[in-house]
Amino acid sequence: MAVERLLPSEEAYDLLALTRDICAERLAPRAAADEAAERFPRDVFTLLGQSGLLSLPFAEEYGGGDQPYEVYLQMLEEIAGAWMSIGVGVSVHSLSSYAVSTHGTAQQRKDLLPDMLGGSQLGAYCLSEPQAGSDVSGIRTKAVRDGDAYLVNGVKAWISHGGHADFYLLFARTSDDAKRGLSTFHVPADLAGLSFGPPEKKMGLTASSTTQVIFEDVRVPADRLLGAEGDGMRVALSALDSGRLGIAACAVGLGQAALDVAVRYAGERQQFGQPIGEFQGLQFLLADMAAAVESARATYLHAARLRDAGRAFSRAASIAKLVATDAAMKVTTDAVQVLGGYGYTREFPVERYMREAKVTQIFEGTNQIQRMVIARDLLRRVTAEA
Amino acid sequence: MNIVVCVKYVPDATGDRRFNDADHTVDRVGVDGLLSELDEYAVEEALKIVEASDGSEGEVTVLTVGPEQAADAIRKSLQMGAHKGVHVLDDAIHGSDAAATSLLLAEAIKKVGAESAWDLVICGMASTDGSMSVVPAMLAERLGVAQVTFGSEISVTGDMVSIRRDGDTATETVEASTPLVLSVTDQSNEPRYPSFKGIMAAKKKPVETWSLADLGVPAEQVGLAAAWTKVDASAARPPREAGTIVTDEGDGAARLVEFLAGQKFI
Numbered sequence: 001m002a003v004e005r006l007l008p009s010e011e012a013y014d015l016l017a018l019t020r021d022i023c024a025e026r027l028a029p030r031a032a033a034d035e036a037a038e039r040f041p042r043d044v045f046t047l048l049g050q051s052g053l054l055s056l057p058f059a060e061e062y063g064g065g066d067q068p069y070e071v072y073l074q075m076l077e078e079i080a081g082a083w084m085s086i087g088v089g090v091s092v093h094s095l096s097s098y099a100v101s102t103h104g105t106a107q108q109r110k111d112l113l114p115d116m117l118g119g120s121q122l123g124a125y126c127l128s129e130p131q132a133g134s135d136v137s138g139i140r141t142k143a144v145r146d147g148d149a150y151l152v153n154g155v156k157a158w159i160s161h162g163g164h165a166d167f168y169l170l171f172a173r174t175s176d177d178a179k180r181g182l183s184t185f186h187v188p189a190d191l192a193g194l195s196f197g198p199p200e201k202k203m204g205l206t207a208s209s210t211t212q213v214i215f216e217d218v219r220v221p222a223d224r225l226l227g228a229e230g231d232g233m234r235v236a237l238s239a240l241d242s243g244r245l246g247i248a249a250c251a252v253g254l255g256q257a258a259l260d261v262a263v264r265y266a267g268e269r270q271q272f273g274q275p276i277g278e279f280q281g282l283q284f285l286l287a288d289m290a291a292a293v294e295s296a297r298a299t300y301l302h303a304a305r306l307r308d309a310g311r312a313f314s315r316a317a318s319i320a321k322l323v324a325t326d327a328a329m330k331v332t333t334d335a336v337q338v339l340g341g342y343g344y345t346r347e348f349p350v351e352r353y354m355r356e357a358k359v360t361q362i363f364e365g366t367n368q369i370q371r372m373v374i375a376r377d378l379l380r381r382v383t384a385e386a
Numbered sequence: 001m002n003i004v005v006c007v008k009y010v011p012d013a014t015g016d017r018r019f020n021d022a023d024h025t026v027d028r029v030g031v032d033g034l035l036s037e038l039d040e041y042a043v044e045e046a047l048k049i050v051e052a053s054d055g056s057e058g059e060v061t062v063l064t065v066g067p068e069q070a071a072d073a074i075r076k077s078l079q080m081g082a083h084k085g086v087h088v089l090d091d092a093i094h095g096s097d098a099a100a101t102s103l104l105l106a107e108a109i110k111k112v113g114a115e116s117a118w119d120l121v122i123c124g125m126a127s128t129d130g131s132m133s134v135v136p137a138m139l140a141e142r143l144g145v146a147q148v149t150f151g152s153e154i155s156v157t158g159d160m161v162s163i164r165r166d167g168d169t170a171t172e173t174v175e176a177s178t179p180l181v182l183s184v185t186d187q188s189n190e191p192r193y194p195s196f197k198g199i200m201a202a203k204k205k206p207v208e209t210w211s212l213a214d215l216g217v218p219a220e221q222v223g224l225a226a227a228w229t230k231v232d233a234s235a236a237r238p239p240r241e242a243g244t245i246v247t248d249e250g251d252g253a254a255r256l257v258e259f260l261a262g263q264k265f266i
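Chains as they are written, first to last, in the numbering used here: chain A, 1 to 386; chain B, 1 to 266.
So that you can see chain B by itself, here it is in the shape it has in the complex (with noise of 0.2 Å):
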């Protein structure tokens, strides 16, 4: 079985994060960033898959649109046991939106298909950055194949595929056959840590570059000027207050009850 895994890098939710000043679009260029977390159980699920599919050829092959800086999503996959990767790297894609990403990814899927059929794409269940979980659902539908979103649990028999959904108040297990696009949860496994024989051996692991032209969009479709949602401004969120200390002086209970009065929270 043959996956393509589509990655975002995506700045450090750890670290300082913030959105540009000229076009309020994410800074993804002066901060340290890294492949989303949420993805990193996408390429997991992909190398269950291949790997449970003993004897059977399958290769996953994980794919980004981002800055250069980007590659490093690649690489951490790489590393993780992913096959080969693709990066589609244009200045002029900065500032898409979700519908100009999907549709370069879609693009991008088409021509890996291209060489060697694929059977599933598996994305994260959202970016940590901008938390849409509306790509896959774009994908299927530039892709015409079916998609099933938010799988908790999923398993492979020859050409169907079985997604157990987790909802609020029920729980569903659908099939569907390949070809597919899926979406997985972070309850949906456990993502290995890259080895130090992986990291060896990503270095020797093909990794293609493709521009808008080796796609054929033309650069009027992607971007900012091309996105359907602008942002008019942001703000970056005020420090936190200091906290308030009391001394107990005898007095501490009934201070502590006049706090939570005043907030309302008794």
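Just chain A, same shape as in the assembly (with noise of 0.2 Å):
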């Protein structure tokens, strides 16, 4: 079922109609096969930049589509509700492309947005480590400057993308201090020292690869650090909360399919006589479900439409991910109960659905830590006025 949308402009309405003809034809229909094989679908990427799909929120002048965040994270829902993996592979391309966008020099964005946008050189996000996930300070990949290079030593984990992405955005320590300590790097995938770990066993999104990135001697050309050194941290703290939003999206797009599949499962499903849809005990699952991801959406909306608007957003990110993420956990858990022995075999998607909703609750800033953000913004006011 279509979700109805109010969208701020007519070329937005087109765009959308365009992202469901490509999510109908060329994502759906091969997502659950792919998923299953563990195949990495990184011609689906090319196909989303070609169409322009991955430039939406990027300036004109470097191949990007100057679209609002709020447009831009509708067309991140219908993928993800289309397919999770790509979702969140498009929601990590983004972080990393804004890096680019956001603290590139004019050379470097000339040089490398157009073809990021356009699909040809898909990027991963390099930050957390095995020791350091929600602790970024813990960071110990070290870049140390040696003559027209950074010469970078260390193991990068849990990363999207990792042996398939054509380049890899980089945070390394190149220095001790506590809060200049940290630098980004555009990484090529093709230097010399940089290698692989074997895929991580995951419970879902199986189809998108994460492996360790480790860096052994590889030599980085210091014209691909980004910004200044010691601009780590800012440049990671200010793609933070845009990534927050896009996983919010993602988790909404995956909690309205398992809805669709719930509610189109209750229409059929005859039991006693009658549709189980017909029973008030499903009816209020299916009522619930839809409350779960209708405010949800509308959520991740308002943070959308404060960041369009260029006001403060940070709490409002981080609450749209708790929210989100959290309904999507529910949704697709009540999906599988909706549909019931059926929803517990891999015959149907919403099982699927239900192990790539988990994650949504961990990566990209736990809920926990989400709930450190909300709950520090709202008590540094109070000091703040006291």
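Hints in this document: simulated from the structure, not taken from any laboratory. Take the hints with a grain of salt, since some may be wrong.
To be verified - Distance ranges between label pairs, derived from CB positions:
| # | chain 1 | residue 1 | chain 2 | residue 2 | range |
| --- | --- | --- | --- | --- | --- |
| 1 | A | 290 | B | 14 | 18 to 26 Å |
| 2 | B | 16 | A | 340 | 26 to 34 Å |
| 3 | B | 51 | A | 298 | 30 to 38 Å |
| 4 | B | 158 | A | 268 | 55 to 63 Å |
Unchecked claim - Which chain A residues stay away from chain B? Per the calculated CB distances, all over 10 Å, these:
| # | residue |
| --- | --- |
| 5 | 28 |
| 6 | 142 |
| 7 | 283 |
| 8 | 284 |
| 9 | 385 |
Built from N, CA and C at the ideal position, the CB exists for glycine as well.
Given two chains presented individually in distinct reference frames, assemble the corresponding complex, making use of the accompanying hints.
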């Protein structure tokens, strides 16, 4: 069932229509098979890039679409509803491109962005390390200036698109300074010394590879430094809120997909001589699922509109990420319940949706971290007023 | 090479399609519609031909006859890359049959040609609603030019067009010189998706809306009253009956055979 959307322009409606066409014709039909085979769908990113769908929130002069975040996120929601691995992949790719767009020099932007936004250069975001997850300050990967390059050594963990990306957006330590110790680099995938761990055996998002990215004496040319040395934390933090909104939108798409399957099934499945949807017990379940999905959508859209208006949106982004991913977990679990025994089998997509939902509560800042962000923001205001 | 592509706005085949109660024509207003999928192949073929003839100037004009919403079919074609659009729109057109539609298209194509000469008219192999496949032939007759229908592979050299036609028992390749009316099948190419750039560019492309008066076609020659055929009655297909579910109580195979034999499948 197509979601009713209020969009800010005629071209946004056309964009969403294009997105739905591509999702229905090119993504949805192969999602289950590629997930089961753990096959990375690189060609889908090429298609999305050629259609301009990787470019929406970026500036026109670098091949971007100059679209507001509320339009970009609704497109992302549609993609994630058709195929969660691709939705998350687009969010990761956008995050990687975002750092170049916001902190690159004019030359770097001109050289790098058009291919990223056009889909020929797929990105991966290398922030986490085995010992540094939520606590970014624990990053140990080192980049040491050596002539016209930086010599990079270390291990990055949980890297989406590991082994498949064309460039790695790397956060590495250039000094021990607590606040300005991190720097950001654009690392082409073909540099010597770059290697990848085996793909993690994950619960879901199995078509998307997640690996360690291992740097052994990798010489990263100095002109690949984004921003100044020591700007890394600022780059990471500035992308954080936008990335959270991306995951919120993906989670809503996933929840909507589960709801759609559940509603269709409840209308068809007969028990005791009538569709199970006629039973109030099922109706209440479906109604709660719809309420969760739609309120989550409203929440991320509010945060996006704050962002588009140039207002502070950090707390709203954390609330959206928390609400949308918890909703996705609940709604996908309930969808399995609606489908009963069939829902528990791999013949139907809802058990996959449920497995895919779980990680959204974990990555891009765990939901415990989101609560910390929200609470700190609330209390800072009280302290400021006191 | 200048190409005119005739496209049709049709009810979405995945939606709920129906006839009007009053005159048994296809309901085009109360349902979701779109550019006929089979016409996307015609648009794609035209774009490919124009793009392949690099250097030489060439334009693709999309032409549709239909109600106000039919502008969506033009817009989608422009988003794919066509250069300009013509929409023949007039209340009197409602209920026109294939003969009247071909008259309107022919007159509109002549009017397009009066501004800049065209070399090719490309149509889809059929509409996804009427499925008659007669308009290209009628159009060629009215324009007084050659017609080659159901082309599966097209190549253009100068003013010669080579067309492969796949039949049930044989494949033939025919050559024709322009001007020519051509229809292409769903095997001829893979229609492109519009791109974001295409969507933005389409907003600035010219679309002209012509009435019967603009084309010099009298109202008596088109519409339901002028149609050569008339639908007397229509009824919705009855809903599918629920299937029979047999619970296997040890006699499943026998009951399956019984069912298949009863339906004369075995």
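Here is how each hint holds up against the structure:
Between residue 290/A and residue 14/B the CB atoms are about 23 Å apart, so this pair conforms to the stated range of 18 to 26 Å. A beta carbon spacing of about 29 Å between residue 16/B and residue 340/A agrees with the range 26 to 34 Å that was offered as a hint. Separated by about 44 Å at the C-beta atoms, residue 51/B and residue 298/A break the suggested range of 30 to 38 Å. Under the hint 55 to 63 Å, the C-beta atoms of residue 158/B and residue 268/A, about 58 Å apart, fit the expected range.
With a least CB separation of 13 Å from chain B, residue 28/A remains clear of the 10 Å interface cut-off, as annotated. With a least CB separation of 40 Å from chain B, residue 142/A remains clear of the 10 Å interface cut-off, as annotated. Against the 10 Å criterion, residue 283/A stays outside the reach of chain B, whose nearest CB is about 22 Å from its own CB. Look at residue 284/A: its CB is around 26 Å from the nearest CB on chain B, clear of 10 Å, so calling it non-interface holds up.
Taking the minimum C-beta to C-beta distance to chain B, about 45 Å, the non-interface status of residue 385/A holds against the 10 Å cut.
Violated hints amount to a single one, hint 3; each of the other numbered hints is respected by the structure.
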